[in-house]
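Spelled out from the first residue to the last, the chains are:
There are 2 protein chains.
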Amino acid sequence: MNSDIIKSLLIENDTKILYVIMDGLGGLPRKKGGQTELETAKTPVMDQMATDGILGQLDPIGYGITPGSGPAHLALFGYDPVKNNVGRGILSALGVDFPVTGRDVCARLNFCTLDEKGNVTDRRAGRIATDINEHLCKKLLDSITLSDGIEFFLRTVSEHRALLVLRGDNLGGHISDTDSQQTGVPPLEAKGADTDSERTARYVNEFLSKAREVLKDEHPANFILARGFAKHEPLPTMKDRYGLRAAAIAQYPMYRGLARLVGMDVLPKPETFDAMFEQLKDHYDKYDFFFIHFKKTDSCGEDGNFDGKAGIIEQVDAWVKKLDELNPEVVLITGDHSTPAVMKSHSWHPVPALLHCNNGRNRIDATSSFGETSCAQGGLGRMPMQYIIRECLAAAGRLQKFGA
Amino acid sequence: MNSDIIKSLLIENDTKILYVIMDGLGGLPRKKGGQTELETAKTPVMDQMATDGILGQLDPIGYGITPGSGPAHLALFGYDPVKNNVGRGILSALGVDFPVTGRDVCARLNFCTLDEKGNVTDRRAGRIATDINEHLCKKLLDSITLSDGIEFFLRTVSEHRALLVLRGDNLGGHISDTDSQQTGVPPLEAKGADTDSERTARYVNEFLSKAREVLKDEHPANFILARGFAKHEPLPTMKDRYGLRAAAIAQYPMYRGLARLVGMDVLPKPETFDAMFEQLKDHYDKYDFFFIHFKKTDSCGEDGNFDGKAGIIEQVDAWVKKLDELNPEVVLITGDHSTPAVMKSHSWHPVPALLHCNNGRNRIDATSSFGETSCAQGGLGRMPMQYIIRECLAAAGRLQKFGA
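Read top to bottom, the protein sequences are chains A and B. Going by the numbering used here, 327 is the number at position 327 of the first sequence; the sequence numbering is gapless. Going by the numbering used here, 784 is the number at position 380 of the second sequence; the sequence numbering is gapless.
Excised from the complex, chain A in its bound form (with noise of 0.2 Å):
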């Protein structure tokens, strides 16, 4: 069901919906029968939530599919996250807070080492260390100019990788990938998929033919790959489609772009979990939607440390327990995707969610704790992530109703 009947059914009022997301919360028992990340940590808040609140699984793209985190996130958002896919470039910009404007095309790069005749021998150039990165950069920055006055920017994002940045006006994003992903080939040509897609492709490959020449010298580094070329195409606000000034606390820039990306207002860095609690505690007042994110889970999921995700599980819920000073009327406790540490990856298990209104106003089930097997069990169903945000809009007295 599309969205403007939900523009259509809103109404405002001085209810709060908080999201509070461990990335990469769903996970897998260690081993046959055993129990998930979630249900080892001990989490006797949120099981109490369970026990008043109402379980279910979330679908962050669809049946098997394993999300990445922008399109997760657009899904916890509402956004269908198909129709909405965010290119690489874009997410690469994000994760170093680049500030995208609509003039920019992004693509994520790496340092790659090429042999004498051109072939590439290391899609990585040996994961040099950023500084070197950072090293190389400048230096290309320093050494090129493009012509017709197309400004670049580069970023160094973490060993090998970098962030490339065209600005110029008509530029399409429309570009083939230059890394083919193999070794022993030489790098590729950018193509444009249609006229302005052209034009930027030759900026691109003007850029690289020149790159090229000022990393001649270096090693293992001597040249780099481009792929996921993006355009910013901005997207409707939270406010736009749901009337919800919308705020984010968020620690880590992908997050923090994300957010920017549908319109919320982020909040300056948090250090700690505590700092978190204040900044909400300090706008509570001034916004109807809070995006509260918890990395460390999916990290830990990634670096395959079971219990580790487990401890940062335990440490949320009771940063969940502060909740009860504020008292707020929808709480969704949930995260982007699975990252299962059994897996050390994202998968595509559907995300376990909980969600607690202090109205009375959702169902129970018979479900008593949070944790996958309970969330099979319980009374949302399995449903589509986009439609999330329907529940909690509903439940916040937000919608009202459709015919007569």
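In case anyone wonders, no lab produced these hints; they're calculated from the structure. Bear in mind that the values here come from a model prediction, so they are computed numbers and not experimental data. Just so it is clear, CB atoms sit at the ideal spot from N, CA and C, and this is done for glycine as well. Heads up, a few of these hints could be off.
Said to hold, decoys possible - Taking lysine to aspartate or glutamate pairs in the DMTMM-like style, the calculated list, with each CA pair at most 20 Å apart, reads:
| hint | chain 1 | residue 1 | chain 2 | residue 2 |
| --- | --- | --- | --- | --- |
| 1 | B | LYS685 | B | ASP728 |
| 2 | A | LYS401 | B | ASP484 |
| 3 | B | LYS435 | A | ASP47 |
| 4 | B | LYS748 | A | GLU329 |
| 5 | B | LYS699 | B | ASP678 |
| 6 | A | LYS401 | B | ASP581 |
| 7 | B | LYS643 | B | ASP418 |
Said to hold, decoys possible - Under 8 Å between C-beta atoms, here's a sample of chain B residues computed to sit facing chain A:
| hint | residue |
| --- | --- |
| 8 | GLN461 |
| 9 | ILE465 |
| 10 | ARG492 |
| 11 | GLY785 |
Given the coordinates of chain A, work out where chain B should sit on it, guided by the hints.
Below, chain B without anything else, positioned relative to chain A:
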């Protein structure tokens, strides 16, 4: 999935499908951790059917959307409730058993009070008594003639509420409300959104201008406000879509009208629950599908009468026991939407549903009582209401295999 596929799969046979609909059935617990109206009610008959049958949760319109009666019933009957949204004016006409034709544009009227400057001071004219409304409608009908032979009809609904119908050739139905929903301002002019509707708007304004003259010395009801203009758009019938000869057994005009909209035969108004069963028995051989509508669960919910609603559910449980005599192949017991007594209004919560077949063709699940919590664990899962008719058709052996 499109309804044409269903049509291509239809098989005729002698099975019966019964819809036992308790209006506004879904509820909420009176207090945290408590039971809903349906869970509080003693329902031994439906509990046994839950044991032998399968439960689920139905979303009438979509996640978070609170439905009006019109779209909720269309979803029950298998129609897309958003694409087939029925205008308020048409529902008002159905609600007073007005026989709408394809040449009619209908609107909901309120008698209102204007001050000497022509500003609205009371949008409901102090909720005048119904007999005053009847008197004023008669006066307007007797005094006003519209130009170009356009006919008009007025029907008292109750208190300050009435129905206006304009009848003529090529009248458009896209006309703006004259009720601004505010006091202290004058009523609005009706405006048409297209050429045919502009023409209708001129007759509406002519009617209102003449009504102002007729009512000028009345008090407090010295004018009328119109909203929800709608033209009758005929829908494909249940016979067209599902090959079902369908009959409605319902006490209230609105639901009789909704049944008529989808081409059901509407049996004469039954005065009692017993009379409803007698009608079912008397017409059992002539139809394939019966829509049996119990209204008072919703009325009690709207009144905040938790125990009253539970009591009606118990009466319906006893009524369902009588079905043993007929032994119908497929019985669906559900509501059109939720009306929790604690909210005193319709709500967005999914509706508990029980599907029972006498032929062993429903799956069973682990549930053994009919209630919101058990439905949340039911084998039908949580599903869009508009597809439940397909489960019924299949269980009745009325759908053949798709593809080879």
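Hint check:
no.	hint	in the structure
1	B:LYS685 / B:ASP728	holds, 12 Å
2	A:LYS401 / B:ASP484	holds, 17 Å
3	B:LYS435 / A:ASP47	holds, 19 Å
4	B:LYS748 / A:GLU329	holds, 19 Å
5	B:LYS699 / B:ASP678	holds, 15 Å
6	A:LYS401 / B:ASP581	holds, 18 Å
7	B:LYS643 / B:ASP418	holds, 14 Å
8	GLN461	holds, 7 Å
9	ILE465	holds, 5 Å
10	ARG492	holds, 4 Å
11	GLY785	holds, 6 Å
Going down the numbered hints, you'll see the structure goes against none, and every one checks out.
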